[in-house]
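J.: Based on the provided sequences and hints, a complete structural model is requested.
Chains as they are written, first to last, in UniProt numbering: chain A, 1 to 194; chain B, 1 to 194.
FYI, nobody ran anything at the bench for these hints, they're computed from the structure.
Wrong hints could be hidden among the right ones.
Said to hold, decoys possible - From chain A, some residues computed to sit far from chain B (all C-beta separations above 10 Å): (1) A56; (2) H64; (3) I73; (4) R74; (5) A78; (6) E93; (7) G101; (8) E119; (9) R130; (10) Q189; (11) A191.
Said to hold, decoys possible - Below, in silico cross-link-like pairs of lysine-lysine (DSBU-like), each with a Cα-Cα straight-line distance of 35 Å or less: (12) K192/B / K192/A; (13) K187/A / K187/B; (14) K192/B / K187/A; (15) K192/A / K187/B.
Predicted, not measured: the structure shown is a model, and the values here were computed from it.
By construction, the Cβ of each residue, glycine as well, lies at the ideal position given by its N, Cα and C atoms.
2 protein chains.
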Amino acid sequence: MTAQQERSRATQRRLLEATVECLHDFGWSGATTTVIAERAGVSRGAQLHHYPTRAALVLAAVQHLAERRAEEIRTEAAALTGDREQRLDRVIELLASAFTGPLFVAALEVWVAARTDAELRDALVPIEARVGREMHRLTVELLGADESRPGVREAVQATLDLLRGLGVANLLTDDTPRRTQLLAAWKQQLAKMI
Amino acid sequence: MTAQQERSRATQRRLLEATVECLHDFGWSGATTTVIAERAGVSRGAQLHHYPTRAALVLAAVQHLAERRAEEIRTEAAALTGDREQRLDRVIELLASAFTGPLFVAALEVWVAARTDAELRDALVPIEARVGREMHRLTVELLGADESRPGVREAVQATLDLLRGLGVANLLTDDTPRRTQLLAAWKQQLAKMI
Chain A
1 MTAQQERSRA
11 TQRRLLEATV
21 ECLHDFGWSG
31 ATTTVIAERA
41 GVSRGAQLHH
51 YPTRAALVLA
61 AVQHLAERRA
71 EEIRTEAAAL
81 TGDREQRLDR
91 VIELLASAFT
101 GPLFVAALEV
111 WVAARTDAEL
121 RDALVPIEAR
131 VGREMHRLTV
141 ELLGADESRP
151 GVREAVQATL
161 DLLRGLGVAN
171 LLTDDTPRRT
181 QLLAAWKQQL
191 AKMI
Chain B
1 MTAQQERSRA
11 TQRRLLEATV
21 ECLHDFGWSG
31 ATTTVIAERA
41 GVSRGAQLHH
51 YPTRAALVLA
61 AVQHLAERRA
71 EEIRTEAAAL
81 TGDREQRLDR
91 VIELLASAFT
101 GPLFVAALEV
111 WVAARTDAEL
121 RDALVPIEAR
131 VGREMHRLTV
141 ELLGADESRP
151 GVREAVQATL
161 DLLRGLGVAN
171 LLTDDTPRRT
181 QLLAAWKQQL
191 AKMI
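T.: Now the structure itself:
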């Protein structure tokens, strides 16, 4: 990679990180391209060079944050030790952290905005389909689940949908005590199901 | 009730219904007080008389839509026949419809907006806590679940959190085929758990 390419890559990364941060901190309507460029410390010209529209920037940020989230989960999961039960416990904790963390919140802002913005929605749908498949595959891998057995695929899907619901329940207040109790019961169910 | 009170009540109802419709159709940022008054066919003066601020209108609408949703579920559930298994099946279907319908979408718009609007959030949190408790109680009642038995409370909560997650998964595309398959498996699990 040339020095020029490296600089470009670093600028893009700063813009994408700033987009995620601004979506988290200010919500969809507050995360304007001006605010994002300022947060990234990137000129408007450079921003427009890399991402000509707000939609282009946000879509790239959604992909970037999905990759970052998967990478974080994978790294932490690689350090896991213990038997199957302890491993399941820790994997669910890792996933629950992801679904209540800043990356989930930023993604939710984009999903909700895309619902009433046809152009954004059309571009987002294939990205989200891929992200969803990758998240499912990662969860199967981390849990060591055997999807050829009946009901296992649905159990993994239900886990991810449950975690998404718990993420939304955590938006306005800290739902940790309720979530902890609920997930303790869920882990026991899941251990029997997968 | 006097004729004047009846007219006031009807005006309020029109405004609240219009608020829910506009949140659904245009999202949070598009559902301005002007757009809502126009949709309701109510003058700006009358709107301001009943709901002096946008926050007051939206908070009243959230309560109104929660009541309407509970009422709809209750009415449909009252018509249910069949054995325990058939009843569980139909109750989950009713709840899944509620969590993928326009009232859920309107509420989600408000939750997400409230996350980055401290004033709205502070007013919304106690309302949502009450709505959440009532939804839980209604679900327990409709399922005929006995919460004194260990794990039953968590199973009912997990059902509602799962349905919330499925509601979000249905925002941008029609997720019905996947949801139907997932819920078929969930109903079997739930029947064993409650």
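J.: Run every hint past the structure and note whether it holds.
T.: Tested hints:
{"no.": "1", "hint": "A56", "in the structure": "holds, 18 Å"}
{"no.": "2", "hint": "H64", "in the structure": "holds, 19 Å"}
{"no.": "3", "hint": "I73", "in the structure": "holds, 18 Å"}
{"no.": "4", "hint": "R74", "in the structure": "holds, 22 Å"}
{"no.": "5", "hint": "A78", "in the structure": "holds, 27 Å"}
{"no.": "6", "hint": "E93", "in the structure": "holds, 16 Å"}
{"no.": "7", "hint": "G101", "in the structure": "holds, 14 Å"}
{"no.": "8", "hint": "E119", "in the structure": "holds, 13 Å"}
{"no.": "9", "hint": "R130", "in the structure": "holds, 13 Å"}
{"no.": "10", "hint": "Q189", "in the structure": "violated, 7 Å"}
{"no.": "11", "hint": "A191", "in the structure": "holds, 13 Å"}
{"no.": "12", "hint": "K192/B / K192/A", "in the structure": "holds, 12 Å"}
{"no.": "13", "hint": "K187/A / K187/B", "in the structure": "holds, 18 Å"}
{"no.": "14", "hint": "K192/B / K187/A", "in the structure": "holds, 16 Å"}
{"no.": "15", "hint": "K192/A / K187/B", "in the structure": "holds, 16 Å"}
Violated hint for the displayed structure: number 10, the only one.
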